[in-house]
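2 protein chains.
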Amino acid sequence: MADKGLLLVLSGPSGVGKGTVKSAIVEHKVFPFEYSVSMTTRKPREGEVDGKDYYFVSREQFQQAVQDNQLLEYNEYVGNLYGTPLGPVKKMLAQGKDVLLEIDVNGARKVREQMPDGVFIFLTPPDLHTLRDRLEHRGTESEEVIRGRIAQARKEILVMQDYDYAVVNDTVANAVAHIKAIVDAEHVSVKRVIDDYRRMVQED
Amino acid sequence: MADKGLLLVLSGPSGVGKGTVKSAIVEHKVFPFEYSVSMTTRKPREGEVDGKDYYFVSREQFQQAVQDNQLLEYNEYVGNLYGTPLGPVKKMLAQGKDVLLEIDVNGARKVREQMPDGVFIFLTPPDLHTLRDRLEHRGTESEEVIRGRIAQARKEILVMQDYDYAVVNDTVANAVAHIKAIVDAEHVSVKRVIDDYRRMVQED
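Going line by line, the protein sequences match chains D and L.
Read in order, the letters of the first sequence correspond to residues 1 to 204 in the UniProt record's numbering.
Read in order, the letters of the second sequence correspond to residues 1 to 204 in the UniProt record's numbering.
Hints are not guaranteed to be accurate.
Put simply, identical chains are the same to the list, so a pair is met inside one copy or across any two.
[Unchecked claim] Straight-line distance between alpha carbons at most 27 angstroms, and here's what the computed DSSO-like set of lysine-lysine pairs gives:
(1) 155 with 4
(2) 180 with 29
(3) 4 with 43
(4) 97 with 180
(5) 155 with 191
(6) 180 with 18
(7) 22 with 180
(8) 191 with 4
(9) 180 with 4
(10) 155 with 91
(11) 191 with 180
(12) 52 with 91
(13) 191 with 110
(14) 90 with 4
(15) 180 with 110
(16) 43 with 155
(17) 90 with 155
(18) 52 with 90
(19) 155 with 52
No lab work stands behind these hints, which were simulated from the structure alone.
Based on the provided sequences and hints, a complete structural model is requested.
Dropping the structure here:
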C-alpha cells in the first residue's frame, strides 16, 4: 500500500556521533532514503555542482527564502548560512519516499514546529545511559564529576522529551539497528496507514 | 536502563493467523516474552498442570474474579469461560518483562480500556491490503464480490483504528519481522524511557 514517506530527523547533542551513524546507514544501505540538498551562502568548491551538492545562493536570496518560509530550518556556521529547503522535502514525502535529515537540536526543534508528523530520533551518549550505574557506584568518582554529569544529563533529558525515540549510541551497529527498527515500525503504525485504508474504501 | 516491560497485544479478525504468527515468534525466539497463564472453567485434561497450563477454577470462582476486576479480559467458548488474570501480567511488566497476549478483537478492546499503554498490534489479512489493486482491476471480479470485500474492509478498518500498528499477514516471516521491529522501536520510544531518565537525575 502506497503511503506518504517518513520525515526522519536524526539529532542529538553535539559530538554524539550523528554523522557517523548516518554514514553507516548510507554505507550499509540499512534502509532506503532520499537526501535533502541544503541551501548555502558558501561559495562552491572545486567540483561541487549546484542543485546536487548544495543550492548555492547569495545572502540576499537566502534571507528571502527565510522570509518566504521556504526553509525547514537553517543556521549560520563560520560566517555562512546553511538551510534545508522545504519544497523538495515535501515533494519527496508526497511521492512516498523517506527523507533523512541529520541536524543539530536547534534545527530539529524548528523542523518539529513545521512538520510535527516527522519521526524525531534523539541519539544519546552512552554516558547518559550509564549515569545510573555511575551514581550507584558513587565512591569511584569525585563529587564534582558526578555533579557535572548530572547537570549535563538534566539538560539533555529536557531536549530529549520533545523527541519520539531515544537511541543510545553505545556502538554504531546498535544505534543503526534501533533506527532501522524505528523506521520499519513507523511504516506500519496505524496513524500513518489508516487514512490510506479509509480512502481505499471510500473511493468506491 | 531498566524500564517497564511492554504489554504486547496481538489481535486481528478471526482466521487471520494470529496463532501461527505467535507460534513462529516462540519457535524462532524472535524476541523474549513472558506467557500469561489463562484462567478457565474448563476441566483439566490429562497431564495439564494447574498454574502452568491454566488456572483451573469453578464457574463461581471465575465470576468472583470478574466482579473483583481481577481479569484483564475474558470470554466464553464452547460453554467454558477463559480469561487473562491481571495480577501476574502487572507483576511481570513491573519486573521489566514483556508480556505477549494473543487474543480476539473483543478481548483486545477490553485490555485497551485497562492498559492503555499496551502496544496493540492488528494483524490484517492480505485481502484488505490488496483490496485497492482489486478495485483498480475491477473487471476481473464480480460487483457482488467487490461489494462484499469493501463491506468487510470497512468493518476491519473501524476496528484497526483503535490499534497502534497494522501488520499485514501476507507471509508469516514478514509479519514476524514487522512485529520484532515494533517491539524494538517501542523499547526506545521516549514516552517509555523518559520517566526512567528523569528519575535517574532526580534521585540525587
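Hints, verified against the model:
1. 155 with 4: Classified as between; 24 angstroms across copies, 34 angstroms inside a copy.
2. 180 with 29: This pair counts as both: shortest intra-copy Cα distance 10 angstroms, inter-copy 20 angstroms.
3. 4 with 43: Result: close neither inside a copy nor across copies, 35 angstroms intra and 51 angstroms inter.
4. 97 with 180: Classified as both; 15 angstroms inside a copy, 23 angstroms across copies.
5. 155 with 191: Between copies only: 17 angstroms across chains, 31 angstroms inside a chain, cut-off 27 angstroms.
6. 180 with 18: both (15 angstroms within a copy, 25 angstroms between copies)
7. 22 with 180: both (11 angstroms within a copy, 22 angstroms between copies)
8. 191 with 4: both (11 angstroms within a copy, 24 angstroms between copies)
9. 180 with 4: For residue 180 and residue 4, both the intra-copy (18 angstroms) and inter-copy (22 angstroms) Cα distances are at most 27 angstroms.
10. 155 with 91: neither (35 angstroms within a copy, 33 angstroms between copies)
11. 191 with 180: This pair counts as both: shortest intra-copy Cα distance 19 angstroms, inter-copy 19 angstroms.
12. 52 with 91: within (16 angstroms within a copy, 55 angstroms between copies)
13. 191 with 110: Answer is both: 23 angstroms inside a copy and 21 angstroms across each meet the 27 angstroms cutoff.
14. 90 with 4: within (10 angstroms within a copy, 37 angstroms between copies)
15. 180 with 110: within (24 angstroms within a copy, 32 angstroms between copies)
16. 43 with 155: neither (36 angstroms within a copy, 58 angstroms between copies)
17. 90 with 155: neither (32 angstroms within a copy, 32 angstroms between copies)
18. 52 with 90: within (17 angstroms within a copy, 54 angstroms between copies)
19. 155 with 52: neither (36 angstroms within a copy, 47 angstroms between copies)
The structure does not agree with the numbered hints 3, 10, 16, 17 and 19 stated previously, though it agrees with the rest.
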